[in-house]
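Asks: The residues making up each chain are set out below.
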Amino acid sequence: MVIQGSYVQVERIVGKGELMTDQRAIPISFVIVVPMIIALFIFFGAWAVSVDASNHNRELTFAIGNRAVNEGLRFSSEASLQPTTESSENIEIAADTWWGQSLLYACPLH
Amino acid sequence: MGTVALVCLSFALKKCECKASIKKGKYNLASIAKPNLKTIATRLPGGVHYSWVIVGILATVQIIGSSIGMAAGVVVAPLSDPEGDFGWSIRTIGAALMVYYLVGAVFAPVSGWLGDRFGARRMLLAGGILYGSSMLLLGIINKPWQFYLTFSVMLALTQSISRVPLMAAINLWFSRRLGLGVGILLAAGGVGMAIMAPLVGILIETTGWQGTFWIIGSAGGGILILLTLIFRNRPVDIDIQPYGAGPGDPSVFKMTEAMESLRIKVYNQHIRRTKAFWNLPLIHGLGCAGHGIILIYSIPIAVEQGISLISAAFILSLISLFSVGSRFMTPIMAERFGGKPVMVAALFVQGVTVFALFGASDIWMFYLFGVLFGIGFGGEMSAYMVVNRQYFGSGPIARTYGFQTMGALAGHAVATGLAGLVIFVTGSFGPILILSIVFSLVGALVVLTLEPTHQMLIPDWEESLPQEARYNRTMTAASSAD
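The listed protein sequences correspond, in order, to chains A and S. So the mapping is simple: this note's numbering equals the position in the first sequence, first residue as 1, plus 633. So the mapping is simple: this note's numbering equals the position in the second sequence, first residue as 1, plus 7.
Hints in this document: simulated from the structure, not taken from any laboratory. As the structure is a prediction and not an experimental result, all values here were calculated from the model. Among the clues, some could well be false.
[Unchecked claim] Here are the simulated distance ranges between beta carbons: (1) D467(S) - L742(A): 46 to 52 Å; (2) P668(A) - G253(S): 42 to 48 Å; (3) P668(A) - I202(S): 39 to 45 Å; (4) E458(S) - S735(A): 36 to 42 Å; (5) S318(S) - L673(A): 32 to 38 Å; (6) Y738(A) - G366(S): 38 to 44 Å; (7) I726(A) - M463(S): 51 to 57 Å; (8) E475(S) - Y738(A): 54 to 60 Å; (9) I661(A) - G366(S): 32 to 38 Å; (10) W732(A) - M372(S): 36 to 42 Å; (11) P466(S) - W731(A): 49 to 55 Å; (12) D729(A) - P151(S): 19 to 25 Å.
[Unchecked claim] Some chain A residues near chain S, calculated using beta-carbon distances under 8 Å: (13) I659; (14) F663; (15) V666; (16) P668; (17) I670; (18) A672; (19) F674; (20) I675; (21) F677; (22) G678; (23) W680.
[Unchecked claim] Negatives, chain A to chain S, calculated, CB over 12 Å: (24) D729; (25) W731; (26) S735; (27) P741.
Note that CB positions come from ideal geometry on N, CA and C, so glycine has one too.
Isolated chain A (complex conformation):
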């Protein structure tokens, strides 16, 4: 695969060993933005794993829904509106997991 300007030439073998060149107009904006988002994921993921490893009381989670910004706080029910404290027992440390190690390995700043 060769990037020429805003085009990418894809070479593939078709039929009986015949080499076919297909020009695909993958725009430069796509080539820049998508890897940057992936890099952001790796950077923040590795940072989160580091924070998680240095402070066992923090639980690494992809915060979704009504998770409050202060760690350990979440709403048990929308109706009751009573925040409850998450248990810190049995929490796996992200740095010990395969994906945690992968993030640390992939991030150039770690």
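Following the hints, put chain S in place on chain A, whose structure we already have.
Replies: Only chain S this time, still in chain A's reference frame:
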């Protein structure tokens, strides 16, 4: 009993299609060169074109389909309630929601391909069966893996079908006024969200978990399956031309299955060679990442400012409500003024209104934000069908639209995951607001790099087809026959 009914229904559908094919000379190209204009449309009251019936059907599909998305938000509380039947952790539920987005993203192009290959009508039948069975099963779950299967996989597939082939189907029904048709569909989706959210909440309160999803599944699935009786894939299936087709437009007619497949293949090959094919999913992804962060975190941000959860939840209602107007108007404006400036404007409004959250402390500020952000949010998602028409013409667009939906759902997955990580490491909502603004404004910048929307990018794609597979050839034949 239900299975028998479905088999009978499938058989009836197939029988109708066979009869229609034979009647209209599906396998004899010469006999259908001149379209029969004695149509079902002329028999509708007031001379209403059948395209508007299709809009009504697809709008109903969007309303029912939107209940899946709303269910995602509403089910968090009962599933996580430690005193309820489930008591699952937020992490378990959150991971299920993320899998839901990812499955939807991966399946979107596949459902588009299926729509092009088998037609939207069969997809509607499949969607109805899948919707009904998923909701019925969701009603009897008691373990997380069952929730993953029914919600994160089965309902994600259903959602994908309703959002891709059943949205793209409208493209074939309109030669003019596509913007109005799309606007009605998208506005219906917005109204559906506004209706279904409280409805699901009330049902859970009154009938419980099982009753809620059995009622929704039976009613929604039943309606979708019944609608297949009056739905048709294309105008030519009932011997009419698309709405607004004039004498200068190529006549559309039925071809053999092999010819149809060839047309779809060549059309998509031409689309894949354009830069817009790559840029449109990217823009949709950035736009969705931009508003996805706000949809998830605007309530926690307001709660952190001391506003009650019930008052804060009204922010989302305002966003939904005010998005209905821009969902309706954006495709119409895109058709009139070109999709590019409208998309830039929508993404810009979506991005800059987020600045208001930095200084928001009183409830009225959050509500004002909800109103303004809703306008940009509704506009961001609504121009794609019209832009597809402007760039690629009126071909089978489901596969391409599937890739754009894939971008959108991937954007939501990014918003869900990345924002959670950023909050975790920084302990603040500020950085994710900046992230949202950056996503929206970068999306607007990428739109600026698109080609002008007033010219088709693949005007000569039919020249790659053999003569007998072209619609333009028929127009010449029909003219000479007249």
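Asks: Next, verify each hint and record whether it holds.
Replies: Consistency of the hints with the structure:
Our hint of 46 to 52 Å for D467(S) and L742(A) holds, since their Cβ atoms are close to 50 Å apart. For P668(A) paired with G253(S), a C-beta distance near 46 Å keeps the hint of 42 to 48 Å intact. The hint said 39 to 45 Å for the Cβ distance between P668(A) and I202(S), and at roughly 41 Å that hint holds. For the pair E458(S) and S735(A), the supplied restraint of 36 to 42 Å holds, since their beta-carbon distance comes to about 39 Å.
Between S318(S) and L673(A) the beta carbon distance is about 33 Å. The supplied range of 32 to 38 Å therefore holds. For the hinted restraint 38 to 44 Å between Y738(A) and G366(S), the CB-CB distance of approximately 41 Å keeps it satisfied. In this structure the hint that I726(A) and M463(S) lie 51 to 57 Å apart at CB holds, the actual value being about 56 Å. Between E475(S) and Y738(A) the beta carbons are some 57 Å apart, a value that agrees with the proposed interval 54 to 60 Å.
Between I661(A) and G366(S) the beta carbons are some 36 Å apart, a value that agrees with the proposed interval 32 to 38 Å. Taking 36 to 42 Å as the suggested C-beta distance range, the pair W732(A) and M372(S) conforms, at roughly 39 Å. The supplied range of 49 to 55 Å is met by P466(S) and W731(A), whose beta-carbon atoms lie about 51 Å from each other. Distance hint for D729(A) and P151(S): a CB-CB separation of about 22 Å, consistent with the stated range 19 to 25 Å.
Here the hint on I659(A) is kept, as its CB sits about 5 Å from the closest CB of chain S, short of 8 Å. Hint on F663(A) holds. Least Cβ distance to chain S is approximately 5 Å, under the 8 Å limit. The criterion of a C-beta within 8 Å of any C-beta in chain S is met by V666(A), whose closest approach is roughly 6 Å, and the hint holds. A least Cβ separation of about 12 Å between P668(A) and chain S goes past the 8 Å threshold, and the interface hint is therefore violated.
For the restraint placing I670(A) at the interface with chain S, the shortest Cβ-Cβ distance is roughly 6 Å, inside the 8 Å limit, so the hint holds. The beta carbon of A672(A) comes no nearer than 11 Å to any beta carbon in chain S, farther than 8 Å, and the hint placing it at the interface is violated. Residue-level restraint check for F674(A) holds (minimum Cβ-Cβ distance to chain S is 6 Å; threshold 8 Å). The closest approach between the C-beta of I675(A) and any C-beta of chain S is roughly 10 Å, which is over the 8 Å cut-off, so the hint fails.
The interface hint given for F677(A) is met, as the beta carbon of that residue sits about 4 Å from the closest beta carbon of chain S, less than 8 Å. Below 8 Å, beta-carbon pairs count as interface contacts, and G678(A) has one with chain S at about 6 Å; its hint therefore holds. Residue-level restraint check for W680(A) holds (minimum Cβ-Cβ distance to chain S is 5 Å; threshold 8 Å). The beta carbon of D729(A) is kept farther than 12 Å from every beta carbon of chain S, the shortest such distance being approximately 16 Å.
The non-interface label for W731(A) is consistent with chain S: the shortest C-beta to C-beta separation is roughly 16 Å, beyond 12 Å. Look at S735(A): its CB is around 14 Å from the nearest CB on chain S, clear of 12 Å, so calling it non-interface holds up. Once the 12 Å rule is applied to beta carbons, P741(A) is consistent with being away from chain S; the minimum gap is 17 Å.
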